[in-house]
Amino acid sequence: MVKKVIKNFEIEYLQVLDENGKADEKLMPNLSGKQIKELYGLMVLCRTFDDKGFNMQRQGRIGTFIQFKGQEASQVGSAYALQDSDWMFPMYRSGAALITRKYPIHMLYLYYGGDERGLKTPQNQNNFPICIPVGTHTAHAAGCAWAQKLRKEKNATMVYTGEGGTSKGDFHEGMNFAGVFQVPCIFVVENNLYAISVPRAKQTHAETIAQKAIAYGIRSIQVDGNDIFAVYNAAKEAVDSARAGKGPALIECLTYRRADHSTSDDAKRYRSESELKEWAKKDPIDRLEKYMKSKKLLDDKSKEEIIKKAKETVEKEVEIYENFPAPNPEDIVKYTFSEMTPNLKEQLEEIK
Amino acid sequence: MPQMTIVQAVNSAMKNELQRDKRVMVLGEDVGVNGGVFRATDGLQKEFGPERVVDTPLAELGIAATAFGLAVNGMRPIAEIQFSGFMYAPFDQIYSHIARIRTRSRGRFSAPLVIRAPYGAGIRALDLHCESGESIFAHTTGLKVVIPSHPYDAKGLLISAIRDPDPVIFYEPMRTYRLIKEDVPEKEYTVPIGKAEIEQEGSDLTVLSYGAMMKYTKEALQKSKYSAEIIDVRTIVPLDTETIINSVKKTGRCVIVHEAPKTCGFAAEIIARINERCFFSLEAPIARVTGLDTMIPFGKLENHYLPGEKRILKAVEKVMSQ
Chain F
4 MVKKVIKNFE IEYLQVLDEN GKADEKLMPN LSGKQIKELY GLMVLCRTFD DKGFNMQRQG
64 RIGTFIQFKG QEASQVGSAY ALQDSDWMFP MYRSGAALIT RKYPIHMLYL YYGGDERGLK
124 TPQNQNNFPI CIPVGTHTAH AAGCAWAQKL RKEKNATMVY TGEGGTSKGD FHEGMNFAGV
184 FQVPCIFVVE NNLYAISVPR AKQTHAETIA QKAIAYGIRS IQVDGNDIFA VYNAAKEAVD
244 SARAGKGPAL IECLTYRRAD HSTSDDAKRY RSESELKEWA KKDPIDRLEK YMKSKKLLDD
304 KSKEEIIKKA KETVEKEVEI YENFPAPNPE DIVKYTFSEM TPNLKEQLEE IK
Chain W
114 MPQMTIVQAV NSAMKNELQR DKRVMVLGED VGVNGGVFRA TDGLQKEFGP ERVVDTPLAE
174 LGIAATAFGL AVNGMRPIAE IQFSGFMYAP FDQIYSHIAR IRTRSRGRFS APLVIRAPYG
234 AGIRALDLHC ESGESIFAHT TGLKVVIPSH PYDAKGLLIS AIRDPDPVIF YEPMRTYRLI
294 KEDVPEKEYT VPIGKAEIEQ EGSDLTVLSY GAMMKYTKEA LQKSKYSAEI IDVRTIVPLD
354 TETIINSVKK TGRCVIVHEA PKTCGFAAEI IARINERCFF SLEAPIARVT GLDTMIPFGK
414 LENHYLPGEK RILKAVEKVM SQ
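The listed protein sequences correspond, in order, to chains F and W.
Our numbering puts the first residue of the first sequence at 4, with every later residue one more than the last.
Our numbering puts the first residue of the second sequence at 114, with every later residue one more than the last.
FYI, nobody ran anything at the bench for these hints, they're computed from the structure.
Mixed in with the good hints there might be a few duds.
To be verified - Not close to chain W: a few residues of chain F, all C-beta gaps over 12 Å, as computed:
| no. | residue |
| --- | --- |
| 1 | Glu119 |
| 2 | His208 |
| 3 | Glu210 |
| 4 | Ala247 |
Claimed, not checked - The calculated label-pair distances, taken between Cβ atoms and stated as ranges, are:
| no. | chain 1 | residue 1 | chain 2 | residue 2 | range |
| --- | --- | --- | --- | --- | --- |
| 5 | W | Glu355 | F | Lys355 | 16 to 24 Å |
| 6 | F | Gly172 | W | Asn416 | 42 to 50 Å |
| 7 | W | Leu239 | F | Asn331 | 47 to 55 Å |
| 8 | F | Ser35 | W | Asn147 | 50 to 58 Å |
| 9 | F | Asp87 | W | Asn147 | 37 to 45 Å |
| 10 | F | Glu342 | W | Pro170 | 32 to 40 Å |
Every residue, glycine too, gets a C-beta built ideally from N, C-alpha and C.
The shape of chain W in the complex, shown without the other chains (with noise of 0.2 Å):
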C-alpha cells in the first residue's frame, strides 16, 4: 500500500472520483496546468482534461457561484478556494445560496458540492492565508463541516463529501499537508460524515480535537504521566455527540484544543452539548486550549498564539488537578 501525505491523499480522492463519476468536476484558481498551489489537484487536468479540471478566472465569488450553479444542474463540482481566509468573498453566497437552497425550495433543489479549502496557521504565510473560520461555516445552517487530520481520513472524508448530497466545506490542515505520511490505499473507500475517531482508548481524560491540532495534541500528551482519551472530532457538522458524550461520562474530565479564536470557537459548542448532557459525570471544568479572540499574528509571533505544548499540558494538569 502506497504511504501519502495528506494532500496526496486529497489527490487520490479527487482522481477516484472524477474517474467513477462524470458529473465530477475540479474547479479554482491554478488547478489546472499548475496542479494547485499546493499540488492538491497535480496531474489531474493532463488525466481528465480542462473541461473537468477547470482553471478558473481568479474570482472566488465566481468560484463558489458557479458550482452552486453546476450543482444546481446536475453536475458534481469539487471548488478549491486556494486559502480559506478567501472564503469571506464567497461567503455571501455559501451563506445565502448554496447553505439554504434546499430548505428554502423544500427539497426541489439541492447544492451537492464540496468547497475545499487549506486552513489554518503555522507556516509563515501572508495575511489571510492562516485563517480558522470553521466556526463561521458551523454556525451556517445547511452547511457540513469536515476537518480530516491525517491522509487515511482526508482521503475517505474528501470521498464522502463529494458524494454527499448536501454541500461540505471541506478544511484541509495546511500546516501538516506534508508532515504526516501513512498507508492510504490507492482504491476507493470512504470515511463517514459525523463520526468522530477514537484515536486512543484512555482512563484519566478525554482530549478533543481536529485537524492541524491534532497532531500537535498527540504530540503533547506524550510527554503527559495521564491516561487520555484522545478523539479525533473529524466532523464538526454534523457532530458526533454521542462518541464524545460517551468518553466524557467514561473520564470526567475534558480538553478541548483547536487553533480558531476562543470566543464562539466550536469548543463552546461542545462544551455546551457534554453540560446538556452528561454535566454531573465532569470531575472538573472542561478546559479550552485554542487560538486567541485577536487576529492571527504574521509568522514571527504564530507560535506565541497557537496552542502548543505547554499550553496543551497546562490545561490537562489543570482539569487534572480538580
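Okay, chain F solo, but in the shape it has when bound (with noise of 0.2 Å):
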C-alpha cells in the first residue's frame, strides 16, 4: 500500500504597483513612457465614456447602460497585450477592452441604444459582439483559438468573463476544451467580487478563481486587477505563450465593480458605502496617476489636457450616435439567414 503527495499546486499573486503608485522596478513590464502614457489616456477616456453612458442613460438617451467603473485596469491593461490580428470575446461589462481595441464608441451607444448595428464590428477588427449570457463565450473563446492553432497562425484569443461565469458549465468546457486541444486561449476573469448581488464566496468554495485553471492543465495567475502593469504583465506573459504555441491560460484579475450591476440595479441593497469607499482609495487610475506624477510623466497640466481630450472625444462620438440614421425595419428580416426565404420574404411584406 502507498500514501503519498502526488502534486502540490501553488498560486502565483503579482502586483507591481501598490495603492500608493509605488511600483516594484523588478517587476515593471517592459512598457516606454509614451507607452505609459497612452495607457493612462485609455483608462481616462475609457472612464469618460462610462460616466457619459450612465448620464446618458438617466437623460433617457440611451437604454441600460452596463457600467465598468473600477475595471479599467483590469481590461485596458489585458486588451493592450493583444495585437490587432489576435481575437477578443467580450461580455457586456467589457466596454473598457473593447474601446482598448480600437471599437468605434458610438457604436457602443448604439448598442446600449437599442440598436443591432452596434454590434456590426468594423471589417478590419476581430472583437466578437458582446456576449449578454453569462459565460456562454468562453467556449466560443476556445473555438477560435482552435482555428487559429489549426490554421497554425500567431495569434491568441482573449475572452472576459467575471467571477460569477465560472460557475457556469460553460466555463468549464471552454476551460477544458482549451487545455486538451492546448489552444492560444486567454480567459480574463474579472473577480469583481459580486455577480450583481451575490458575493463571490457564493459563487465557489475555492480560495482563488486562479486555482480553477489546475484542474484543466492550464496556467493561471492572480493579479492585483487594479494594478495595469500586473494585468498588463501577466497579459503580456500569457498572450506571447499562447503564441508560442504554449497553449492557454488564465488570468485573475482581482478588483472591483464600482458602478450598479447596471442602469436598472441598486448596489445599495448589498453594499455598503464604507465598502464603496475602501475600493474608492485603490481606483486604477488614481494609482497609475501617483506613479506616473512621481516619474514626471504627467502633471497637472497634462492631466488636464488628457481629461478635456477625452471628453471631446467622447462628446464627438455621442453626437455620431444620436445623428445616427434610423434603423431599416427591413434588417430585422435581412439576416436572419444568408438568403431570405420565401417564408420571411412574406412576413417583410407584412410589416411594411
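If you follow the hints, you should be able to join the two separate chains into one complex; please do so.
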C-alpha cells in the first residue's frame, strides 16, 4: 500500500504597483513612457465613456447601460497586450477592453441605445459581439483559438468573463477544451467580487478563481486587477506564450465594480458605503496617476489636457450616435439567413 | 454505382467534403478512432488525421460552442451529437449564439456549421436515445433543419448543409440508418436544401412525411386503395410550401405523418400554411398521424407510440371518407 502526495500546486499573485502608486521596479513590464501615457489616456477615455453612458441612460438618451467603472486597469491592461490580428470575446461589461481594441465608441452607445448595428464589428477588427448570457462565450473563444491553432497562426484569443461566469458549465467546458487541444486562448476573469448582488464567496468555495485552471492543466495567475502593470505583465506573458504554442492561460484580475451592476440595479441593497469608500481608494486610474506624477510622466496641466481630450472625443462620438440614421425595419428580417427565405419575404411584406 | 445505406451515404458526404475543402472538420464524441458509435465517421480520421476528425471531450455543450467559435473564425465544422436527445445541453449555445449571430452582428459574423444527430425511436434504445425534437429547432429562428429519409438524399443534403452559409441541424433517421440501400454516387453531388420531393404522384390525397417515417408511410400506403401523392418534406426549415400547396390544391386532401409529439409538432405548421393558402381547395379536414403528447416510452411500448400502418391507413380512410 502506498499513500503519498503525488502533486502540489501553487497559485502566484502579482502586484507591481501598490495602492500608493509605488512600483516594484524589478517587476515593471517593459513599457516606454509613451506607452504608459497611452495606457493612462485610454483609462481616462474609458472612464469618460462610462460616466457619459450612465448620464445618458438617466437622461433617457440610451437604454440599459452597463458600467465597468473601477475595472479599467484589468480591461485596458489585458487588451493592450493583444495585436489587431488577435481575437477578443467581450462580455457585457467589457466596454473598456473594446475601446482599447479601437472599437468605435459611438457603436457602443448605439448598442446600448437598442440598435444591432452597434454590434456590427468593423470589417478590419476581430472583436466579437458582446455576449449577454454569462460565460457562454468562454467556450466560443476556445473554438476560435482552436481555428488559429489549426491554421498555424501566431495569433491568440482573449475572452472576458466575471467570477460569476466561472460558475457556469460553459466555462468548465470551454476551459477543458482549451486545455485538451492546447489552443492559444487567454481567459481573463475579472473577479469584481459581485455577480449582481451575490458575493464572490457564494460562487465558489475555492480560495481563488485562478486555481480552477489547475484542474484543466492550464497555467494561471491571480493579479491585482486595479494595477495596470500587473495586469499587463500577466496578459503579455500569457499572450506571448500562447503565440509560441504553449497553450491557454487564465488570469484572475482581483478588482471591484464601483458602479451598480447595470443602470437598472441599486447596489446599495447589498453593498455598504464603507466598502465602496475602501475600494475608491484603490482606484486604478488614481493609482497610475500617482505613479506617473512621481516619475514626471504627468503633471496637473497634462492631466487636464488628457481629461479634456477624452471629453471631446466622447462628445464627438455621442454626436455621431445621436445623429445616426434610423435603422431599417427590413434589417429585422434580412440577416436571419444568408438569403431571405420565401417565408421571411412574406413576413417582411406584412410589416411594410 | 455503389449501393449505400443512409449511414454510409452520410460517411461518403463527409469524406467528399473533407477532401474538397480544407476548412471542413469533423468533431464529436467517438468520431475519430472508433468512427462514431453508428460508424458514420468510419475511416475518416485514418484518412484525414486527428486534427480534422477530432475525438472531443465528452461534452455536448463544448462541442457545439467550440464548433461555433471555429465556424466564426473561418472553419467549416461538422459537429456530431451522438444522439439527438443530448442536444438540450448545447441547446442554449444553439439558440443563444449559433442561430442568432448573423442577425445580431448585422451580417458581420455567421456560423456556417452543421450539427448532425441521429434522431427518432424504434430501435429499443435507452432513455433520451429516441427523441424527435425537430420542431424545437424549427421554432428557433436562424437555423435550417434538414431531415433526409433515404441514402441518396442523405448524402446530397449533407453536402449542401456543409456548404451552406447558415447553421444547419441535420437529423439522421436512426431507425432506418441501415434499412434502406440504394445507388449513391461516390462522387460529390448536392440535393438542394428547401425543396421537398414528390416521391410518388397521385390524385386522391397528399401524404406528407419526412425522416424515418417516410419508409413506414410508403409501406402503409401500398396497402391503401387510394392514389396517394407522397411527398418527402426533407427540409422543414426552410419549408417548400409551394410543392405542398400545389399538391394539396390538386388532391384536396392531406395526411401528415411524423413521429414527434402532436402538439406544436411540425404538422401543425404545415396545416396552418395549407389553411392560409388553399383552404378552399380542401375537401376534408387534414389529418395528423404523429407521436403522442407523452414521453417516448421505452422499447417495449414504443411501437404503440410510433405512427404505424394501422394508424396511417385509418387516417387515410378518415380523410377519404369525408
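Hints, one by one, checked against the model:
1. Glu119: violated (5 Å)
2. His208: holds (23 Å)
3. Glu210: Holds: least Cβ distance 26 Å, greater than 12 Å.
4. Ala247: Given a closest Cβ separation of 19 Å, the condition holds.
5. W/Glu355 / F/Lys355: 16 to 24 Å: Given about 22 Å between the Cβ atoms, the range holds.
6. F/Gly172 / W/Asn416: 42 to 50 Å: violated (36 Å)
7. W/Leu239 / F/Asn331: 47 to 55 Å: holds (50 Å)
8. F/Ser35 / W/Asn147: 50 to 58 Å: holds (55 Å)
9. F/Asp87 / W/Asn147: 37 to 45 Å: holds (41 Å)
10. F/Glu342 / W/Pro170: 32 to 40 Å: The hinted range 32 to 40 Å holds for F/Glu342 and W/Pro170, with Cβ atoms some 35 Å apart.
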